[in-house]
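Undergrad: One-letter residues, chain by chain:
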Amino acid sequence: MKRLSLFTICLIILIGSWVVLRFAIGGIVSVPIPGSVIAMYMGLIIIAVLVHISVEDSLFREFLRPIHETLVDNNLRVRRRVIAVLIPLFLLGYTHSIIAQRANPPGSPRDAHPSPPLELTYKDEVIGTMQDVVNPFRHYEKDDPEAFKAHVENGRRVYYDNCFYCHGDHLDGQAHFAPYLQPLPANFQDPGIIPNFQESFFFWRIAKGGPGLPAAGTPWDSAMPIWENYLTKDEIWDVILFLSDYTGYQPRTFGEAH
Amino acid sequence: MMKITKKRIYLILGCVLVGYALLAVAPVFAQDATEAEYRAFPKIGSRSAAWIAAQLHLLFGSFILGVPMFAVIIEFIGWKTKDMRYDRMAQEFIKLCMGAFSTTALLGGVLVFILIWCYPKVMTKLSGIFGPTMIFYVILFFGETFTLYLYSYGWDKMQGRHKGWHLFLGVLLNVFGTAIMFVSNAWLSYQTSPATQYGVLSEGRRKSWIEEKLAADPALTPETAMEGVTSHTMVPLHNETTGEFMGTVWDAVNNFTWMPVNIHRLVGNIAFGGSIVAAYAAFRFLVAKTKEDKAHYDWMGYTGNFIALCGLIPLPFLGYWLGREIYMFNNTMGINMMGSLFSWLFIIQAVMIGVLFIGANYYLWSGMGRIEGAEIYARYRPYMITVIIICVAIWMTPRTLSKISTASELSAMGGANHPHLGLFGLMTAKNTAVNIIILTTFLSFLFYRRSGKVPTANWKKIGNIGISALFFLATVSIVVIGIVGFSVPTDLRVNILTPYQVLIALAVMAIVTIVDIFMYRKATTSGTIKWGEMTDRSQYVLILVAITFTSLMGLMGYARSGLREAWHIFGVMQDTSADAFTPLLSEAVNMVAIIMVVFFALVGFIFWLGLWGEKKKQEDAVTTEAVATAEGDD
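Chains as they are written, first to last, in our numbering: chain A, 1110 to 1367; chain B, 21 to 654.
Don't take every hint at face value.
No farther apart than 35 Å at their CA atoms in a straight line, the calculated lysine-lysine pairs in the DSBU-like style are these [said to hold, decoys possible]:
no. : chain 1 : residue 1 : chain 2 : residue 2
1   : A       : LYS1342   : B       : LYS183
2   : B       : LYS542    : B       : LYS183
3   : A       : LYS1251   : A       : LYS1342
4   : B       : LYS480    : B       : LYS102
5   : A       : LYS1232   : B       : LYS227
6   : B       : LYS314    : B       : LYS635
7   : B       : LYS177    : B       : LYS480
8   : B       : LYS102    : B       : LYS115
9   : A       : LYS1232   : A       : LYS1251
10  : B       : LYS100    : B       : LYS177
11  : B       : LYS115    : B       : LYS635
12  : B       : LYS635    : B       : LYS311
13  : B       : LYS183    : B       : LYS473
14  : B       : LYS100    : A       : LYS1232
15  : B       : LYS423    : A       : LYS1342
16  : A       : LYS1251   : B       : LYS227
17  : B       : LYS233    : A       : LYS1251
18  : B       : LYS177    : B       : LYS314
19  : B       : LYS423    : B       : LYS102
20  : A       : LYS1232   : B       : LYS480
21  : B       : LYS550    : B       : LYS635
No wet-lab data here; the hints were simulated from the structure.
For clarity, every value in this text was computed on a predicted model and none was experimentally measured.
Turn these sequences into a full structure, and let the hints guide you.
TA: Encoded structure:
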């Protein structure tokens, strides 16, 4: 059997990688991957291929050989003509895919996470600096487990009375109202949400809701109500305890780090 | 009729440029000369002017501080091994440094003038706090200047029995250089974190801080005011009501982020200096006409890349430490950096660091092509490329995809985060990836080192099995720790798990290096290194690495400075100028690109001047030799 040329192998690797990313990983294994991320990965794979073929002169020559043959060998003129037609067609299709009008609305330009203020407030009362404020009931976890349990239970009640319509039964952001909201409600089951922020951050987001989001990183489009108008301070702290208790994730702390 | 010569064209062009410059700065003279909070720099604005001057000063400063560090080590190696090639190369490095030294000082002067003119109030405040350090800085600067002159001009004179003293001068030069950097780092790190921990605070500030607490809350007593205060408690250096500076000069110098910035920059300077030297050597290699020159600059490029790699390997760890300290100082600043305003900058950073690692590996693999007997390692290359590319892909995968996805894609993902790839956006995945990239790069270097050598140690088989097992176990451990990192509290991950990953990678590199040295101590050679037989492509990669380093430093400078947002001194002195907004990432990228081009134009010019002088000397030497030969023939 004739051995495949290096050029063909590289082509197979590139097309194969795209198929795996687009259909296998972004379809069978998981949900679809955005086109921009696939483009980013494909860019890296092209770099990997180029690195491999250009490190050694002999490999580079071997890679270029079929291209050279196609261009100069008269026995390969059919292949040459086919390619001469295919390349402009590909470019035409690619250009069309970029400039064609679509009905899709643009994606959201919002930041990953809003920047919290330096001071944490409840209505007009200053609680303290964002850095230093801790959940006043957190210490019960060690000092008085029964009291802690009571606060978590209260937090559970507050959550299912007010929050679950958007954030879901299982705190995963998949709720009745969720499909109609943009951006989608936070998924607390995601390991990148609760462990990355202090409890004071969650207090701020709950208390101030969508309208309290900062000037930086606009435009915001959050449907989150201003919960400080409806919940007491203690209820907000309790619901934060419930979020971490239910998901098993601990909010960020800055303990004896040094 | 007047003859149009090249000289005249340059003269006319020069006059036009000077005229334009004078016109451009004319509005400066129209501004109010009385005391002002801010003055506007003409045309480009104060911030852009200060930005360009500061970044160019930093790039040149980094180069002239980094190069002497490895020059003195190379000189020492040459002295000990009695191999004059090392000595000559170290001298050549210092010559490059000499050329850039005056430009660094010049740019420093320009920066100071811009700052004093455009930001008088800020400078008054800073000089009021740091006055004594500025005097110290001047003394250090004189020390560095004269040491550099002695070190450079005394090179040929101080050979032989004076070599030890010459090396001492080299070490002294580095001490002065490092001290200068530490002093100036104090000023800028203080602007970011004007606070320090109670444990290292001066007695005076401890007292005044407690007094402030008591005055703010009459219910407190001196005892209750100290409740919860530990040696790690962060204490602001200013009165929180009046904004008046209350600490000592040392308190201000020893602010919370000072040491992480110092260490990060110190190692960064080595990497940057190595990359610029390698780029210089690459350029000389590409234009070299003789085999000897090609061989020399090939070797110089290899050394520069090796130095850059030595600096690059610990840099991600040190950057992580700096980031962690920023989070510790102020959580809002940390969120702004990694999760909010500047988060996309760190995706660009990942791409650029990926380029650096891929480039460094590419150069090593290319270099193996000029070593006879290196072919046996070529079969591992595709796997190593695959590992590096997968790790770079993980490192550069954004956490939140909302800005780069269409509404339908977001809807298909069920949110802004991809349920699986979104995990790559978290630090535990990225730290795992970077540790594996570093181990793979080290493996490339190990193969390079072994190329052309055959070990004679009778335990080589067991040694190789042990080394392979060590790499395997380290990789598995790093991955397992990374996976565990998803489900533990952040405190534990940041302070325990991530340092363990780093320690594993460092330990493997240290152990394997020691074992390898012993295994190859009496190795025989299977072939020679054909210096000068590198591909041109590999030389362009060295230039690319230097460009990437420069751009990366510029971008990180934007992040470090931008993190303060609308504050000259974070939380103390607000920026009320027209430039108080944080520039867009696109604006920053454009600015950094301009700075990078200007930097390379200046560096190119300085190096060209050096070459010019060298060429003239060579021509004179050839003429003298020819005359002497002719006279001899007579």
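Undergrad: Against each hint, give a clear statement of whether it holds in the structure.
TA: Against the structure, the hints come out as follows:
no. : hint                     : in the structure
1   : LYS1342/A with LYS183/B  : violated, 73 Å
2   : LYS542/B with LYS183/B   : holds, 30 Å
3   : LYS1251/A with LYS1342/A : holds, 22 Å
4   : LYS480/B with LYS102/B   : holds, 30 Å
5   : LYS1232/A with LYS227/B  : holds, 34 Å
6   : LYS314/B with LYS635/B   : holds, 16 Å
7   : LYS177/B with LYS480/B   : violated, 46 Å
8   : LYS102/B with LYS115/B   : holds, 21 Å
9   : LYS1232/A with LYS1251/A : holds, 30 Å
10  : LYS100/B with LYS177/B   : holds, 18 Å
11  : LYS115/B with LYS635/B   : holds, 14 Å
12  : LYS635/B with LYS311/B   : holds, 18 Å
13  : LYS183/B with LYS473/B   : holds, 33 Å
14  : LYS100/B with LYS1232/A  : violated, 72 Å
15  : LYS423/B with LYS1342/A  : holds, 34 Å
16  : LYS1251/A with LYS227/B  : holds, 34 Å
17  : LYS233/B with LYS1251/A  : holds, 29 Å
18  : LYS177/B with LYS314/B   : holds, 28 Å
19  : LYS423/B with LYS102/B   : violated, 59 Å
20  : LYS1232/A with LYS480/B  : violated, 72 Å
21  : LYS550/B with LYS635/B   : holds, 26 Å
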